[in-house]
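*Asks:* Please construct the entire structure, taking both the sequences and the accompanying hints into account.
Residue numbers (my numbering), protein chains in the order written: chain A, 236 to 553; chain B, 236 to 553; chain C, 236 to 553; chain D, 236 to 553; chain E, 236 to 553; chain F, 236 to 553.
If you are wondering where the hints come from, they were derived from the structure by calculation, not from laboratory data.
Here the structure is a predicted model, which is why all the values come from computation and not from measurement.
Nothing false has been slipped in among the hints.
As the list makes no split between identical chains, a pair holds if one copy fits it or if it spans any two.
Straight-line distance between alpha carbons at most 30 Å, and here's what the computed BS3-like set of lysine-lysine pairs gives:
id	residue 1	residue 2
1	K552	K470
2	K552	K452
3	K315	K268
4	K452	K243
6 protein chains.
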Amino acid sequence: MTLIKQMKPQDEFEGFYLLKELEIRQTNATPPKDYFDIVLCDSSGQLPAKFWDASATDKETFFAMGLVKVRGMVHLYREKPQIKITKMRPATPADGVSLTDFIRSAPIDSKDLVRIIEQTKDGIGDEEIRRIVAYCLEKVEDRLAHYPAAKTHHHAYYGGLAYHMVRMLELGEFLCRQRPFLNADLLKAGIILHDIAKPDEMNAEMGIVSDYSNTGKLIGHIALASAWIVEAAVKLGIPTESEKVLGLQHLVLSHHNLGEWGSPVQPQTAEAVALHFIDAMDAKLQMVEDALATTPDSEEWTPMIRGLENKAIYRLKI
Amino acid sequence: MTLIKQMKPQDEFEGFYLLKELEIRQTNATPPKDYFDIVLCDSSGQLPAKFWDASATDKETFFAMGLVKVRGMVHLYREKPQIKITKMRPATPADGVSLTDFIRSAPIDSKDLVRIIEQTKDGIGDEEIRRIVAYCLEKVEDRLAHYPAAKTHHHAYYGGLAYHMVRMLELGEFLCRQRPFLNADLLKAGIILHDIAKPDEMNAEMGIVSDYSNTGKLIGHIALASAWIVEAAVKLGIPTESEKVLGLQHLVLSHHNLGEWGSPVQPQTAEAVALHFIDAMDAKLQMVEDALATTPDSEEWTPMIRGLENKAIYRLKI
Amino acid sequence: MTLIKQMKPQDEFEGFYLLKELEIRQTNATPPKDYFDIVLCDSSGQLPAKFWDASATDKETFFAMGLVKVRGMVHLYREKPQIKITKMRPATPADGVSLTDFIRSAPIDSKDLVRIIEQTKDGIGDEEIRRIVAYCLEKVEDRLAHYPAAKTHHHAYYGGLAYHMVRMLELGEFLCRQRPFLNADLLKAGIILHDIAKPDEMNAEMGIVSDYSNTGKLIGHIALASAWIVEAAVKLGIPTESEKVLGLQHLVLSHHNLGEWGSPVQPQTAEAVALHFIDAMDAKLQMVEDALATTPDSEEWTPMIRGLENKAIYRLKI
Amino acid sequence: MTLIKQMKPQDEFEGFYLLKELEIRQTNATPPKDYFDIVLCDSSGQLPAKFWDASATDKETFFAMGLVKVRGMVHLYREKPQIKITKMRPATPADGVSLTDFIRSAPIDSKDLVRIIEQTKDGIGDEEIRRIVAYCLEKVEDRLAHYPAAKTHHHAYYGGLAYHMVRMLELGEFLCRQRPFLNADLLKAGIILHDIAKPDEMNAEMGIVSDYSNTGKLIGHIALASAWIVEAAVKLGIPTESEKVLGLQHLVLSHHNLGEWGSPVQPQTAEAVALHFIDAMDAKLQMVEDALATTPDSEEWTPMIRGLENKAIYRLKI
Amino acid sequence: MTLIKQMKPQDEFEGFYLLKELEIRQTNATPPKDYFDIVLCDSSGQLPAKFWDASATDKETFFAMGLVKVRGMVHLYREKPQIKITKMRPATPADGVSLTDFIRSAPIDSKDLVRIIEQTKDGIGDEEIRRIVAYCLEKVEDRLAHYPAAKTHHHAYYGGLAYHMVRMLELGEFLCRQRPFLNADLLKAGIILHDIAKPDEMNAEMGIVSDYSNTGKLIGHIALASAWIVEAAVKLGIPTESEKVLGLQHLVLSHHNLGEWGSPVQPQTAEAVALHFIDAMDAKLQMVEDALATTPDSEEWTPMIRGLENKAIYRLKI
Amino acid sequence: MTLIKQMKPQDEFEGFYLLKELEIRQTNATPPKDYFDIVLCDSSGQLPAKFWDASATDKETFFAMGLVKVRGMVHLYREKPQIKITKMRPATPADGVSLTDFIRSAPIDSKDLVRIIEQTKDGIGDEEIRRIVAYCLEKVEDRLAHYPAAKTHHHAYYGGLAYHMVRMLELGEFLCRQRPFLNADLLKAGIILHDIAKPDEMNAEMGIVSDYSNTGKLIGHIALASAWIVEAAVKLGIPTESEKVLGLQHLVLSHHNLGEWGSPVQPQTAEAVALHFIDAMDAKLQMVEDALATTPDSEEWTPMIRGLENKAIYRLKI
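*Replies:* Below you can see the structure in the form of C-alpha cells.
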C-alpha cells in the first residue's frame, strides 16, 4: 500500500486511507454537479483529493474521519500534488484496519507517556507543589493521552502534548544535574503545568485540532493554567499568596518569554528562565525532526517551517 | 509660603514641607562629612534638596515622610533647580500642619470616590457579576481610598486609582448611552476590575509608590486580577467556565490591548474594546491635565511626558 | 425578499439587488464563453455571484451600479458562500425600487448629519477658527453628505464620514464638560477638519470607494487638510503664522498619533491628544458595532476585523 | 594659538576663543561660590570649560557668544578632556579677531553657496516651478546664508543648509545626466525646497541651533514647506490641484522616505525616490567627512556618530 | 509582431515568443485532459498563457526556454491579462529568430560591461587590492557577462549584475571627485566585490534566476565574497590580517548596512558608508526606471514595487 | 579578609585586592589635586574606589592590574557602594598573594577545560572536520585557556570561553543521545568553532576584556570564524565547496539566529538549529547562575541582567 508521503505525480494506487476532511461542493456546470473536496491521510502525511460526480448514495455513505478503501491517481494542481479518486468504498471490519493506524502520533505509546508524567508528578518532593500539579493534571487527564501540543506549530499529532512534556522532563532532568542550583521540584512542576491548559484552549479529536475554543481565544492557555493553580490552591487550602503558588504561577505566565509571544511577565526566577529555553529547544528541534522525517529522502530541503523563521531545513550530505 | 511649583533659582524661602525622601550621604572631604540628600515636596510638586553638615542629632531627628519647617534657597544644579536647606526643624502639633496637606491627591475627596465606586457596583444588575466585583473590591477596600493608579505614569497620587476609576465610569456611562449595544453591567465591572489588583502590585503609602511588590513583578496586576475573578467564582459557587467569568477575565486580561503592553490576549468582545479605549483616553488626558496644572503658567511647554511618546505639551495662546 | 446577510448555502431566492461590481470574463471552454463576475449587494451586505452564458444582449443590458431583479441560489465556493444567478433582468421604474435602498448607509439621514456639522461650525465662538472651518467645509460640502470615512477600514458606507464626525462631536462635547481645561472651539474645529480632505483622497460614489485618488496617494488627506487650512488663512487674510492657524494645522497633522500611522508630528497640545483618542475610539467602536450588526445572529464570532489587530469579536451569551 | 581640536590633557595654552555657552553656577561650598560653566570653541571644535571663583565684575563682563582671550590648561574629567580657565579677558577691537573666525562654517563661502542656489533656481526651465521655488526662497533668503542644516545631526554649522543644498545639486546634476528619464526641473526644485523651511523650524544664530521653534515642533519643516508651496501657488495664481503643485508637494512630503522618519507619504515619483537618496547620501557622507576632519589624526576611530547607527568610523591605514 | 508589453484584453496576435516556463497539467474533466501552463515572454515583458488539449506529440515538441511561433488571444483572468494560445509551433532556423532577442537584458552590451569592469580593475593603483579583485573576478568571469543582479528585486535580467556594477562605478567616480577624502582604489574594489559572489548564490540561465543555490541559502553572497577575499589573500601570499584584507572584507560584509538586511557588521569606514549608499541608490533608481519602462505609457501608475516599500511609481504629467 | 561581595556601607576593612582599573584624575580645588579613580576587585566582585591626595610617588607606584594591600571604608555614593581608600601599598612577594587569586574565573581549572575540548576534538570521527577544527583551535590555543566568552554579557571571566564550550559540549552530548538524528561530529565541531574567533575579536588580559579589536569591530567573530574555516580548507587541501566546509561555515554563520543579532543567515540544518539553542540556553542560564552567586544572600533580587531582557532574578523562598 502506497504511503501518502511517497506519492508522486502520475502515480496510481489503491489502499486504505482516512478521510480526514470531507466537504460536499458543486461544480460550475449547468446544472451543477456534486463532488467531494477531501483531505486524505495516513500516518505518514496528507494530500488534498477530489471525488467527482458524488451520487446521492455517496453523500450518505462517506463522512469525515471515516476509513475508506480508495483507488486513485496523483497529479499536479497549482504546482502541488493532488489526488483524483476514481473509486472509493468504506472500510469494513473484515478489512482489519483501525483508525489509530491512520493518524500521526507520537513515537512513544501515549499510555506510557502519561505514566511517565504521573510518575514524575509523584516524584515531586514538596507536598504542596505535588498536590497542585496533581489537581491540574486531573482536569485534563483523559485528554492528556491524546491531545496534540499545538494546532500546526509543533507536536501536532496524537499524544503530542504528552510527548512534548516527557521530552522536556528529560532535558530538565539533565539540566538539574548539570546545574544543581536549579530547584528540581519547581522545574518538573513547571514543565508539567506550562501547557496543561492546552486541552481547554483547543478543540481536538484523534490528535487533530479543528479550532481554538472560545476560552482559548478569550483567555488563552497561559492565563488559564495560571488560574487553575489559584483554583487548586483555594480548593486544597494552600494560601494563594504563598511563595509556592507565586512561583508556579510565574513559571506558567512567563514561559513564552516575551509579551509579544503571549507572556504577561518575563522569566524572573532561575527555573522560569530554564523552562522557557527547555520549551523552545524541544519545540524547535521537534519541528526539525518531524520535518525531516516527513520529507521524502530524495528531497534536499524540507518545506518551509513557520516556527523556524519560515526557513526550510537542508539535509547535509555528510 | 512659597509653593514648590513656584520656586525659581535665586529664591529664598521659609515654610513647611514634607521630607518625601531622605538619605544620609558623605562628602568627599577628609574626613568625610555627613549630609542629607532630600526630596522636598508639597502638594504642588517636588524638588531635590541638600542639607549640608548634618550633625549626629540631625540624623536622629529627621526621617523620610516627616513634616519639617525649612529655610532655604533655590539654585541651579546641572540645569535643574535644587534647594539648599540652610535651616530645618521638625513640625510640631503647634504648627497645625497635617501630612495630607503636603501630598498630591486626586481633586475629589477619596471617600467620595470610593462611595461612587461602591454605588456603581451596587447598580450592576446581574447578580453574579455584581458579587464577583464585590468580592474583588473587598480585597482592596481599605487601600482603594488612597492608592495611586501607577508609580509615575499617570494618576500617581493619593486616591489616584479611585479617581481614575470614577472618571472612566463617567466615560463608560456616556458610551453606553451613545452606543446601546454595549452591555453596561459588563463595562462597569470591567472598569472597576481592570486595575483592581494594583494595590497588590505596588507598595505605596500616602499615594507614593516606593516599589513594585514581588507579586507585582512576578505575576503583574493583570494576571492577578484575572485570578481573583476565578477565586471569587470558586468561593461564590459560580461555575468558573461560565460566560460571565469568561467575559470578566477577558476584560481584565485584554485591557492593555497588546502583548508588548502586557496583555496576554487582545480585546475580542465589544466591551473589552471599549474598556481599552476608555482606559487609554482617561490616562492620557489626565497626564496632559496634570502636566499643565503642575507647570508654571509662565512656561509655554510642559516637561516631556513619558506616556505620551515622550512629547511635551504646548499651551496654545488662543 | 431575502436579505443578503441572511443567505445560507442551498437557499434559493428571488428579489431586487444592486450590481455593485460587474466584469465580463471568459470560461476555459473551447470556444470560451462569456460570463459575468458580479458582486451583488443590498443594504445588509454583499456576496460574489456568477451569471453564466452571458449573451451579447446581456452584455449591453447589465452594468455595475445597476439595480436588477435576480433569481438565484447560494452555494459554497472555497468555503465561502457564492451566488449562482439563474435569471436576471434590470429593474424598471414600475418596480418602485431605489438605488439608495440597496447601499449601506449611516443610521442617521445624511442631511441631518450635515446640518449638525454646520450647526456645530456655526457654534464655534472664535471667528477666525470658525471662518477657516467654514472655508474647508465648503470645499467638500456637496460630497460631505455621501462620502464614506474610509475605503474598508471603518464607516465605509454612504454618509459614513459625516456620521463619524457627528459621533466624534458628541464624544468631544462630553469630554469638554468632563475636563473643562480643553478648548471646545479648537476641539470642535479639529474634529470637523481632521478628515475633511478625505473626499479629495478617495474616489467614491454612493458611499463606495473605488480607489484612492492620485492626490490621495501622493499627498494624503493629512497634509492636504493642513494645506487647506493655510490656503484658507491666505484667502481670509488671517496670518499663517498665528497661533490659531498653527493650532489647527497641528490638530490635523498629529491626529494619527504616530509617524508610522501617517502623522508627521505627534500630538503636543491638549486638544490634539484628545482628538486622537476621540478619533480612535469612535472608529474602533464603530468597527465593532458594524461587524456585530452585519454578522448573522446565529454566529458567535464576527469575521476578523483588520483594524482591530485582525481579531474577531465574540458575542458573549450574557 | 592652540586649536581646540588639538588640545590634549596636560596642555597649557593661551589664545582667543569663543564663549559658545556660559552659565553661572554655584559650588557646594558654604557659602557657595559662583563659577562659570562654559563651552569654549573655535572653528576646529569645542570643549567644556570651568572658570572658578567668578567675581561680581566677571559676571557683568562675560556673556555667551562673546570672544575672549583665555589662558588655561586641559585635564581629564570623567574620561573626557575639559579646560580649566586660569585667566580670561574679553577680546577688544585692537585684538583684530572676528566672530566668524571662531565658528565652524561650511568650506565654501556662504555668499557663493547662495549664489549657486539662486542660479540653479533661475535655470529651472518651467516657469511655474521656478516661480514657486523663488517664492519659497524669498521666505528664508536672509537666513539661507547662515543657517545650519540641522541641530547636531549633519551640516550643523554656519552655512550648512546652503552647503547641503549645493552638494545635493551637484549629485542631482550627475544623476540627471546618468539617467535622463529624470526630470531635472523637478529634481532641482525638490533639492532646493526639501529643507527650505528649516530656518522656521529651528532657532539658530551664527550657525548654532539653540532650540526648535514652536512651529518646528508642532508642524515640522516637512509639512511647513509643503504648505509654503500651496501658499505660493495661491499667491501666484497657479492652481493648487495642478500636477506641478502636486509633484512639488510630494517631493517635500516624501523626502524622509518613511513614516517613522517623519514623511506622511512615501516617495512615489521617480524624482522623489532620487531626492530621498541624494539627501541621505549627502548627509551621511558629510557626517563621515566632518567626523574624520574633526578627529585628531592620531586617533584610529572617530567618536560614535548618531546618524550612522551610532557607529564610529575607522581610518584604514592604507 | 505584438510586443507582450503592449497586449491588451481582446487582442488577437501572431508572432515569435519564448516559452519561459512550461508545465504539463490536467483538467478536472473525466477523463482529465492535458494542457500546458505557460509563461510566454519577449524582451518587453511576460504573460501567463494556456495551451489547451495538448496532444502526446505536443508534449514531446515543446519545452521551457524554447522559441515558438504562436497565434493567440488575450483575455482577463482574475483581473489580470492571460493568453489563450490557439496555435503553436517551434521556431526553426529558417525563422531567423534568436533566443537572446527574447529575453530582457541590460541596455548596454554585456561584453562592453565586462570590459569596463576589467579596465576599472586594472586601474586600481594598489597592487595587492588589484590582485585580490582580479582573483575574485576570475571566479565568476564567464558568468559575469550574463548573470542578473537579483532574482526579481532589481537588475533581474541578462547582464544585470555587470550593468549594476558599471553604473555604480560611474557614481563612485563622481563621488571620489566630489569628496576627495574617499580612497578611490578601495571604493572601486568594493563596488566590484560587493555582489561578486551572486553567481554562486543563485542558479541562473539567460539572465533568469530559477532558484537560490544551497550555498546561497546556507552562506549567502555576503559571507561568501568575504571568504573569497581571504582565500585570495592566502593564495596570493597577502597577510590575511593586513589592513587591506580587513578593509575589503569590511566593505563586502557591511554593504547591506543593517543586520536585518543581512550584514553582520555595519559600515565603519568612509568607503563602506559610500558603498552602501551607492548600491542602494543605483538599485532603487533602476527599479524605478525599469518599472516605468515596462509599464504601458497609457498607465499613470506602474505596478507596486516590492523594493520600494511596495509603492507604485506615478508618472507626473509635467 | 573581607570579600568585595560582602562589603556594606559603613564597613571598614583591610586586605589584599587587585587594582583592576586605575586612572589619575584631578579635583576641582585650586590648585587641583591628583587622586586615583580606581576599580578594586577580588574574585568575588568589584567596587569603585577613590584614593585622594595621590602624591608624585604614588603615581609612580600604583598601576592597573597591580595587587595592593588596602585599608579603606565603604560608603554610599549616588545610592551605590563606593570605597574610600585610606591607606595602600603594593603587594610584595613576601605577602604570598597571586594575581590569579583575585580575578573571577571559571569554576573548573582552565587547563582541564582545554583538555576536554582537545579530547572532544580528537573524538570527532570525520577526519576532514576534525582537521579543520584542529586548525582553528591552533589559532587561539594559547588564548583559549584564559579568554572570557564576552566583555560583560556572559562568562565574562578567566577561562569563560572554554567553560562555555565545555558546558555546551555536555548539553550537545545529551541532545545527540536524546535525538539520534543529529550528527554528533557536526554538532561538536559547531560548538567548538562557533565562538572560536572571540580571542581575535576582543582584547583581553586575565579574563578581563578591555576593548573590541579593530578586526572585531570591522568583521566580527562570526564572519572571522567562517573565514578561518575557508582558510583551513585551502591550507589543508579540502575543497572549499564541499558539503563539510559548507556545513561548518553555516553552523558558525547562523548561530546568532537572526540578522539583528549578527547572523547573516538563519539556521537551516538540524545541527545549526540545535547549536543556536544550546548556545542561548547555556549563556542565559550561566547569567542567572552567576548573578545569583554574586548577589549577597540577604538580597531577594539580583541586579538587572542586560542579557535577560533587563530583568532581575528573584530568589523564591521555597
